[in-house]
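Residue numbers (the working numbering), protein chains in the order written: chain A, 1 to 305; chain B, 1 to 305; chain C, 1 to 305.
Heads up, a few of these hints could be off.
[To be verified] Calculated cross-link-like contacts (lysine-lysine; reagent style DSS-like; alpha-carbon spacing at most 27 Å): (1) B:K245 x A:K170; (2) C:K170 x B:K170; (3) C:K253 x B:K245; (4) A:K245 x C:K170; (5) A:K245 x C:K245; (6) C:K153 x C:K268; (7) C:K55 x C:K123; (8) A:K268 x A:K123; (9) C:K170 x C:K253; (10) B:K123 x B:K153; (11) B:K245 x C:K245; (12) C:K245 x A:K170; (13) C:K170 x A:K170; (14) A:K143 x A:K55; (15) C:K268 x C:K298; (16) A:K245 x C:K123; (17) C:K268 x C:K170; (18) B:K170 x A:K170; (19) A:K123 x A:K153; (20) C:K253 x A:K55; (21) A:K143 x A:K153; (22) C:K170 x B:K245; (23) A:K153 x A:K55; (24) C:K153 x C:K123; (25) A:K245 x B:K170; (26) B:K245 x A:K245; (27) B:K170 x C:K245.
Hints listed in this document are in silico derivations from the structure and should not be mistaken for laboratory results.
The model shown is predicted, which means the values in this text are computed figures rather than measured ones.
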Amino acid sequence: MITGTFLDEISHDIPDANWGRDEWTRDFRAMADTGIDTVILIRAGYRDIATFDSKVLRREHPHLIVADDQVGMFLDLAERHGMTFYFGTYDSGRYWHSGQHDREADLNIAFTEEFISRYGHCKAFGGWYISHEINSFDEGVMKVYERLAGHLKSLRDLPILISPYIRGVKQFGAEQAIGLSEHEREWREVFARIRGHVDIVAFQDGHVDYAVLPDYLAVNAALAREHGIACWSNIESFDRDMPIKFPPIGWRKMRYKMQAAMRAGVDKLITFEFSHFMSPNSIYPAAHTLHRRYMEFKRAADTAV
Amino acid sequence: MITGTFLDEISHDIPDANWGRDEWTRDFRAMADTGIDTVILIRAGYRDIATFDSKVLRREHPHLIVADDQVGMFLDLAERHGMTFYFGTYDSGRYWHSGQHDREADLNIAFTEEFISRYGHCKAFGGWYISHEINSFDEGVMKVYERLAGHLKSLRDLPILISPYIRGVKQFGAEQAIGLSEHEREWREVFARIRGHVDIVAFQDGHVDYAVLPDYLAVNAALAREHGIACWSNIESFDRDMPIKFPPIGWRKMRYKMQAAMRAGVDKLITFEFSHFMSPNSIYPAAHTLHRRYMEFKRAADTAV
Amino acid sequence: MITGTFLDEISHDIPDANWGRDEWTRDFRAMADTGIDTVILIRAGYRDIATFDSKVLRREHPHLIVADDQVGMFLDLAERHGMTFYFGTYDSGRYWHSGQHDREADLNIAFTEEFISRYGHCKAFGGWYISHEINSFDEGVMKVYERLAGHLKSLRDLPILISPYIRGVKQFGAEQAIGLSEHEREWREVFARIRGHVDIVAFQDGHVDYAVLPDYLAVNAALAREHGIACWSNIESFDRDMPIKFPPIGWRKMRYKMQAAMRAGVDKLITFEFSHFMSPNSIYPAAHTLHRRYMEFKRAADTAV
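Starting from the given sequences, assemble the full structure and let the hints guide the process.
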């Protein structure tokens, strides 16, 4: 069952729920009641928007757009519920897309130092999430991973998580998507490079047709085992199949993807993400009902065990 | 007034509300209170998604995505409220778009046999809905209609409904849309072919400009009468004019379209569809208010009579 | 703080909330509680849709789509709360885009006469809003402004407001957008032409990157002062950065834009618009929370003063 969720506080494609401390307090309680023990900040900053008033990011963007100290709040709420908090790195939205991978790494080295000096003492802090997502082998990003992983481990020796995606038809179309064997070849190369740096890989599960998802899950789990890396599945709780980008996913599809991941023997199920797409407090009413369906399913499974 | 609605349980463009039995029970009660006596399942299966665990569809898609028995639930709820349930056929999403019309018909012949063997005894079952929509004459689909209609009537001699659309500017743009006289010519040909097979035609009313909708409604009603076919109007309760595809329609437009249909003398008003777009229980709050506006209008009309 | 809002009753891109008198009564109370003293009808008619059953518009569109008398209702509700109501002109959606500027002006001359004869006695009526938006100098629209302004002032000598937009990257892309100096050049020309006709200019604030918004606000305020025209800022409360067009804006961004406008010394903050995007009664739940964040900010600022 799902025991982890991203916290999507800064996004280029998911609208802001405009929650303050009251709303987040209520939602962390709902997460705990749903069985969530792990929360992963999707990114602590994106372009000129930040989740706390960072000096490092203000040097980069003097007009930095920031309101409350969300990182402090998340760490506090996670601690109250005995959850593990993964800190998501900064995404410049540009350097690592334009060949300036060292600049992306440098910025994050300074930014994560600032994070540790401000929040390093918080008890809930228990992992790093490198937010730069890839879908196939990328030499530049490998170097970002290597430089960052070394630095993060030196700051605090905690598990490092990434959550890549599949170069699948739902985002790239039939022309530009890659098939299963090319996916396996690309990712064997990636896994060989990241072993020893990255501890957990949680593939997003929404980019390929439902019919072939089990095959991809099997390949991903096998590659991870082969390289001694933990394999989680990121069960997307939003729907990629609709013209509205994005509503909560249909329960039938969510259940199918969860069952497929469990059959593949992944180590843990997490979701992107609880608060928008499957929370009883979501701004989307279809998330409230998705939560009800999920809880019915979970209770039935708990009883069966 | 509106006395019928589609049940949109599987769609490529309307997000799932994730309702279970409790939510559907509440919404059927709301439908009954609103004056609905007819519910039409938009399609019982679409590609690899199904509304019940069909053996026929599992042969086609071994990984079939299905959760609850929604067809059984709908038949039960319809019966409790004395409603007539129309069963919507399976849409492969491919065969009838790629010249394999016989395969589309064959699949549905087996699928509707399975439906009858599982649900044929249900009291609410009172009509067939052939879900393959056309906007102009299409020889391949005519053959699907003919083969299916003969088969459906032999399984159970009940009214057969289709709900075509107009090849209008709102979907096709000025270049590819057809005008009123071409529409009339195309549909005279269709009506001549489907008479004796199809009993009811319910044109969707959202594809043309409001100014010319009355002309199309008049032509459709006249063609139906000419061929001894019942003419319903499918008053779309979603808005095709907005960048969000699709929100509940503005009440002004809905009222205008209902009045135009009534003036054209159609036999019955149905809508696509109550639960998302004009229900007090909808996931869209603007549907709750659309329902209030509709009920005020209905009460005023009932009083006037 | 924000003391004015548009009333967006007719739009090509914002879905209808389907509010009747009860819902609007409740929302005007919320506006008053939020500190709103000015309401601006975005347009009284658009193409074939109208906010009251206008004889002038029925000549143009015999099938005119109209339900309730919304203008009468808004004037009544504004009066009850001591608010000033600005009447927004008709937008044909075509004449002024196709060189027929005189026809657009003629139609509006007749339409505003009809408005005055029907609603001229209403106490809340306190301003004109010319709804034709421009982003740079446009000779044809200048003539519309000149002809309309003269006529409106002769009907009732009240402040005339326009709310232009910036030809910025968020709508036009990097290729077609114009930079700050070209914006200044274009708008110096506009201001020179409209002085003596238009009394208030309220630029929309959502078309440029956050980093450069303060520069545009400073230029706009300086140009307005230079020409003796009042400068308001139209703080957009919807988010232009998301694939969904449009959700309520993230609070961080809203706060940033408000603070930038206050620093630029504008005369008044208004928003497009309260009821959809920052009302506790909105059809969008993220607007309820945006309202909470705004009220917390407002109370803190009120206390600080």
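Results for each hint:
1. Distance restraint check for K245 (chain B) and K170 (chain A): the Cα-Cα separation of roughly 18 Å lies within the 27 Å cut-off, and the hinted pair is therefore satisfied.
2. The straight-line distance between the Cα atoms of K170 (chain C) and K170 (chain B) is roughly 26 Å, inside the 27 Å bound, and the hint therefore holds.
3. At most 27 Å may separate the alpha-carbon atoms for a hinted pair to count; K253 (chain C) and K245 (chain B) meet this at roughly 26 Å.
4. At most 27 Å may separate the alpha-carbon atoms for a hinted pair to count; K245 (chain A) and K170 (chain C) meet this at roughly 18 Å.
5. The hinted pair formed by K245 (chain A) and K245 (chain C) meets the criterion: a straight-line CA distance of about 10 Å does not exceed 27 Å.
6. Taking the CA atoms of K153 (chain C) and K268 (chain C), the gap is about 22 Å. The hint holds against a cut of 27 Å.
7. Between K55 (chain C) and K123 (chain C) the CA atoms are separated by roughly 23 Å; this keeps the pair inside 27 Å, and the hint holds.
8. At most 27 Å may separate the alpha-carbon atoms for a hinted pair to count; K268 (chain A) and K123 (chain A) meet this at roughly 22 Å.
9. Straight-line distance between C-alpha atoms of K170 (chain C) and K253 (chain C) comes to about 15 Å, which keeps the hinted pair within the 27 Å bound.
10. For the proposed pair K123 (chain B) and K153 (chain B), the alpha carbon gap of about 17 Å is at most 27 Å, so the pair holds.
11. Between K245 (chain B) and K245 (chain C), the direct Cα distance comes to roughly 10 Å. Compliance with the 27 Å bound is thereby established for this hinted pair.
12. Simply put, K245 (chain C) and K170 (chain A) have alpha-carbon atoms about 21 Å apart, close enough for the 27 Å limit, and the pair holds.
13. For the hint pairing K170 (chain C) with K170 (chain A), the CA-to-CA distance comes to about 26 Å; that is within 27 Å, so the pair holds.
14. A C-alpha spacing of about 25 Å is found between K143 (chain A) and K55 (chain A), which places the hinted pair at or below 27 Å, so the restraint holds.
15. Our distance criterion of 27 Å between C-alpha atoms is met by K268 (chain C) and K298 (chain C), whose separation comes to about 15 Å.
16. As the CA atoms of K245 (chain A) and K123 (chain C) are separated by approximately 45 Å, the hinted pair breaks the 27 Å bound.
17. The straight-line distance between the Cα atoms of K268 (chain C) and K170 (chain C) is roughly 24 Å, inside the 27 Å bound, and the hint therefore holds.
18. Only pairs whose Cα atoms come within 27 Å are accepted, and K170 (chain B) paired with K170 (chain A) is accepted, the gap being roughly 26 Å.
19. Under the criterion of a C-alpha separation no larger than 27 Å, the hint pairing K123 (chain A) with K153 (chain A) is consistent with the structure, at around 17 Å.
20. With a C-alpha separation of about 19 Å, the suggested pairing of K253 (chain C) with K55 (chain A) holds against the 27 Å cut-off.
21. Between K143 (chain A) and K153 (chain A) the alpha-carbon distance is near 15 Å, which keeps this suggested pair within the 27 Å criterion.
22. A distance of roughly 21 Å separates the Cα atoms of K170 (chain C) and K245 (chain B); the hinted pair therefore holds under the 27 Å criterion.
23. With a C-alpha separation of about 22 Å, the suggested pair K153 (chain A) and K55 (chain A) falls inside the 27 Å cut-off, and the hint holds.
24. With a CA separation close to 17 Å, the supplied pair K153 (chain C) and K123 (chain C) stays within the 27 Å bound.
25. Distance check on the hinted pair: K245 (chain A) and K170 (chain B) sit about 21 Å apart at the alpha-carbon level, within 27 Å; holds.
26. Between K245 (chain B) and K245 (chain A), the direct Cα distance comes to roughly 10 Å. Compliance with the 27 Å bound is thereby established for this hinted pair.
27. Between the alpha carbons of K170 (chain B) and K245 (chain C) the distance comes to roughly 18 Å, so the proposed pair stays at or under 27 Å and holds.
The earlier numbered hint that this structure contradicts is number 16, and it is the only one.
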